[in-house]
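With the hints as a guide, bring both chains together as one complex.
Protein sequence lines correspond, in order, to chains D and Z. When we follow our numbering, the leftmost residue of the first sequence carries the number 3, and every step to the right adds one. When we follow our numbering, the leftmost residue of the second sequence carries the number 44, and every step to the right adds one.
Since the hints were made in silico from the structure, they are not lab data. Honestly, I wouldn't trust all of these hints.
To be verified - Straight-line distance between alpha carbons at most 20 Å, and here's what the computed SDA-like set of lysine to any residue pairs gives: (1) K30(D) with E384(Z); (2) K30(D) with T379(Z); (3) K74(Z) with E310(Z).
Said to hold, decoys possible - Some residues of chain D that are not near chain Z, with every Cβ distance over 12 Å (derived): (4) K16; (5) I20; (6) A24; (7) A39; (8) L64; (9) D158; (10) T175; (11) D235; (12) E275; (13) R321; (14) E334; (15) G351.
For glycine and all other residues, C-beta sits at the position ideal for the given N, C-alpha and C.
So you can see what is in the structure, the chains are spelled out below.
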Amino acid sequence: MSPDPAAVSEREQKILGIIETARAKRAKFRDKRINMAHGAGGKATQSLIEGLLAPAFASDALNELADAATITTGDVELAFTTDSYVVKPMRFPGGSIGELAVNGTVNDLAVSGARPVALSLSLILEEGLGADELRAEIDAIAGAARAAGVAIATGDTKVVERGHADGMYICTTGVGRRDGRASLSPAGLRPGDRILLSGPVGEHGTAIMLARGEFELDAEIESDTCSLWPVVDALLGAAGADLHCMRDATRGGVASVLNELARAAATSMIVNEASVPIAPVVHAAAELLGIDPMYVANEGRLVAFVAPQRSDAALVALRATPGCEQAALIGEVRREPPGMVIVETSFGGRRVMDQLVGDPLPRIC
Amino acid sequence: MRFVDEFRDAELGRAVAMEILSLVEPGRQYKLMEVCGGHTHSIYKYGIDDLLPANVELVHGPGCPVCEIPMGRVDDGIAIAHTDGVIFTCFGDMMRVPGSDGSLLDAKAAGGDIRMVYSPLDALRIAKQNPDREVVFFAIGFETTAPSTALTLKRARAEGLKNFSVMCSHVTIVPPLRALLESPDLRLDGFIGPGHVSTVVGARPFQFIPADYGKPVVIAGFEPLDILQAIEMILRQLAGGRCDVENQYKRVVPFEGNLRALEVMAEVFELRPHFEWRGLGFISHSGLKLSDAYADLDAEVRFSVPGVRVADPKACQCGEVLKGVIKPWECKVFGTGCTPERPIGTCMVSSEGACAAYYNFGRFAREREVV
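Chain Z on its own, in the form it takes in the complex (with noise of 0.2 Å):
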């Protein structure tokens, strides 16, 4: 495939795998992380590790959609799919998040109306074709993904649908890295900056990690050259004692990001006071719901949901994973009490999660070269 293909090219990540070898300083050790789950992915599927040298370590971010929901959002969600006459929609790897008693998938086996779709606009097509029955999205992501369900209810207003509605768990990308960036058990060198977000919020929002905290940022595609090129202007910055956002992903990332999609989230979201993150807690201004002029579509309104806040699992690490603290497979469930198949943490459902793209392709053993 041309415009793909190009990027994944074994003889340029060679030659980019010993730019980076040159840059690394003998002895020393660099945390770098990838913030989103799209290069997390990435990173596993095309075993990008192995072209790294040992010292060079990648920890993978909070920037999985599906990781941060907690589970008392997913109950909310359950009781609405299982309320009378609903078809309650969401994206396929939501379906397998646990709950506090099973997930959507184990709820649409027990009876539920529930459908996975691809896109917000296939929910509101249900919503078309089922005029008896109350649709419901189940929106969750970043700003990736929160322009296409601000454009769906648009397009439901301007319709005047009335049977559909969408359960908001969209999150914004930086609160979660300003609340990281205080923890104290955190040491990281860098980041890599994500590349979808970025392509609606632009490059801006990322220059307090320079300049308040001292790390370089460098947003990065998802091809595997474009993450190799990222850690190699990463370890450049840092071998030049240099902080700056750059952008390696400017065949696609605009530094304003894109005005139009940040002017139609502004009309139909507004800024939850709190929200909670799975394993990371409340975080302030982290979360979106629908503005006023938009409460007459929103799901927690129309519907009653529990609204309860439940415990994480005691045993489950997913907080720690995912500020990176510790690897996936230093969890004391990963693998054993935990698997892709019957996850307790949210890190193992989606292919983006740290712990289920570690179990699904990195589990295995890898000799490198030691610097």
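Chain D extracted, bound-state conformation (with noise of 0.2 Å):
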């Protein structure tokens, strides 16, 4: 005699509880050792970052763990954000170092509504490395900087013994003005509020990993790196204070934002996956390597949240803007069950989409 169907799934409808409710809780760090998982952008980096970074500097602005804070002194609003630069190779197909380390740091500025304004630059340089190399790089910079409307205002350098640093790691820190015409905040995400992604998935983190030749295929595809200032003032532009929530999808991809917040915001998150936007060779290379292109790195793609009176309005205007002819309605937000993303898959089956475990692509950015 099989158990009763219906008391088996009230059972595990409670564990799932149980472990939902284990879930939403502050991740602890304790890990003996940093290992390359804390780097992914998935559990492993939530669990440093919650468990370790934010009580120890018990900061507001801190504890809001959005890309970019807030400061504000007298009238000003300023957003100010810094990130560091490894990837590995240090040039790739579609861009360089040089140009990440000013596009990614805009990036944070743009996603949470404000207009960069200006970069610190930092670089801490592998002795041996070649003056052509160097230059290189710092005329990418400069052209990122100035494609961006950003000044490099202030700047350091280091240099470290040959076989640190790959060649040069950078660290930039990027200040920004707000941008008044919408509040952007997990907080001000709402159910019924649409999803929308700026371009196909997966392809900076591709185009790395194929450089890096460890895996013998060929194709082409480039980084999508760029400056998103563009894209986010045509998207305020189009839908104002209805925009409630952007995100840059860089490490951990489309996937990873979408679990933050969703977990941010204690809403869920439901995904139709065959309208998200896929070059068909991210698609062939992912497939081959067993890689969900969701979770693939981009550093030109956002995703927006929109109030659904404006959402058609807002999405005219992405496509609109340049480089982001393909982008889409890929889901909506809803209020069950909550911290969780689920997608409706292509072939008309549901799932979750989890945050990140592993890394499928270390140093990526």
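Spelled out as structure tokens, the structure:
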């Protein structure tokens, strides 16, 4: 005699409930050593930030764990962010570490609804780095800063012994001016909000992976690295205060962004798999390597959450922005089950799209 | 992608689902085991459960290559990895399998030179690039991966490489299936046969399942439509009172298997008298070691390893999950003590493991139509 299916299902639900309660708790940092997963932007990174860094500094701005903090002095609201770049190899199809170092930080400002104003630039250089290579990166930095409309306002240089820093590491810090047209935060997410994605996923991570030559795969794919301010500007213009939140889908990809926000806002997200734009080459490479492109890094894509009444207008504005022609409506914010991202698969089933655990591709930015 | 997308067609999927619905007897519970972890992964990834009637239950079987690895084997691997001058290579999933004192990933953070590879040939290349170092490949998996290890060993021999060796933890699929079928607490109606393994071994080795145990077997591919169709074929056998080995994956699996691959395996490997499986204990003639002719490339001969049998953690119920006796969520530590980021048992490590697949993909309320 089999157990009663209804009772089994009730027991399963109860256990799932216990698990969700455990997951909603602030992650603890319990590892004995740092391993590569702590840098992957998934659960291990979260445990490092929530379990060690945020409690140690106890700062309100930091506790929000946003892409950029808001600093208010007098009447001026500034957005403030920092990022370091350790990508290997330094140059890859579609970009290089110098461009990333500008665009990555500019984008953290942009998606928090701030017009990028100025950057600092710290260079950590390896003994023996060729002057031409360095010059090329400095040119890349200058070019990207010009394109993004930010000034490189201050900086620092250090040199470390041969064998460290893989040529160069870069750290940039950015300051931006808050745009008054919308107030963006995870707390602003509402059930019913539409989820817009500004373009195809996974191109940056795939380009880096192929450039490393570890897999003996060749394909024409370029990093999507670019400044997202024009995209943000278009969205703010089209949706105004109905634009509730934005994130750039860098390390950990679109899946990580959705999970972070679902967790922060205690809402659910439902994603329609078939509507996510993806280049055939990225799809094929991910399929071969057993990687889900939703977890692969982008450097020029954002996810925007817009109230339903303005989502069509926002999508039209997105698609009219150069580079975002393939922008798509990929899903919706829901109330239940809180903290969870659910995918409607193209085959007609459903599944969870969870936070990343391991690290499919280390050091992609 | 051509030749893949066709097997992910939702329209066709719904049509097969309707067929399935017409084949199930109302009130009868069906328990089908998918033997292979690749199937488990696909079932969750595409939400195939959602297309099945509630009285058709899929039980996740033992065919996940990292799920079998007992703690003692991981400890042996870590001991080799910490030997001076060694570069230790393994597949990505293997890095996170817990040993008695941490995983290979932890051993890497502690200074071991441990590298992830996608193929044993990558390990061989590392050996050629590092002639001053000893390069060890941790070989795991069923008959699917064993031929590539065998070919790599043959190439190492042909090229006269002295600094390459293999820690062989390959296993074979039939002995654990037989052990499962002998297990008194098991009640299954049929098997979705392992597609990848069958490309090598063919369909013949599974004939004992209908012959000796009266259960249907349908060898299936890994796309969602493959799996649905295999379920339909099993239910059709059951409805007709038949039990046979059928091949849904004919586009890849020949009845006789891959004779060349089997030959290479027979040359390079021999059966161990017994091999320990996580949660299932020792199973006779279920593991492979390097044959005497290749003993000089055997890492277990070249290095001293503890070789200690480490009991599974008490709380861990991987064995019962692997046998399909309990569902992943019924394990005492599922999702609380044991999670993909901090696994206690191996089923929680690989995305092909029953627990990890359920945790990562299946962990939410499903309301399904009850027939």
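Taking the hints in turn, this is what the structure says about them:
A threshold of 20 Å between alpha carbons decides the hint, and for K30(D) with E384(Z) the separation of about 12 Å falls inside it, so the pair holds. Of the pairs offered as hints, the one joining K30(D) and T379(Z) holds, with about 14 Å between alpha carbons and a cut-off of 20 Å not exceeded. Taken as a hint, the K74(Z) and E310(Z) pair is broken in the structure, with Cα atoms around 39 Å apart against an allowance of 20 Å. Look at K16(D): its CB is around 10 Å from the nearest CB on chain Z, not clear of 12 Å, so calling it non-interface is violated.
With a minimum CB-CB distance of about 7 Å to chain Z, I20(D) fails to clear the 12 Å threshold, and the non-interface call is violated. Its beta-carbon lying about 6 Å from the closest one in chain Z, A24(D) breaks the requirement of being farther than 12 Å from that chain. Distance to chain Z contradicts A39(D) as a non-interface residue, since its nearest Cβ pair spans about 7 Å, not more than 12 Å. The Cβ of L64(D) lies farther than 12 Å from every Cβ of chain Z, with a closest approach of about 23 Å, so its non-interface assignment holds.
Look at D158(D): its CB is around 29 Å from the nearest CB on chain Z, clear of 12 Å, so calling it non-interface holds up. Remark: the non-interface label on T175(D) is consistent with the geometry, its nearest Cβ contact in chain Z lying 29 Å away (cut-off 12 Å). D235(D), annotated as away from the interface, keeps every beta carbon of chain Z farther than 12 Å; the closest lies near 36 Å. Its closest Cβ contact with chain Z, about 9 Å, brings E275(D) to no more than 12 Å, contrary to its assignment away from the interface.
Listed as a non-interface residue, R321(D) keeps its Cβ farther than 12 Å from every Cβ of chain Z; the least gap is roughly 25 Å. With a cut of 12 Å on Cβ distances, E334(D) stays outside the contact zone with chain Z, its closest approach being about 16 Å. Remark: the non-interface label on G351(D) conflicts with the geometry, its nearest Cβ contact in chain Z lying 2 Å away (cut-off 12 Å).
In terms of the numbered hints stated before, the structure departs from hints 3, 4, 5, 6, 7, 12 and 15, listed from lowest to highest.
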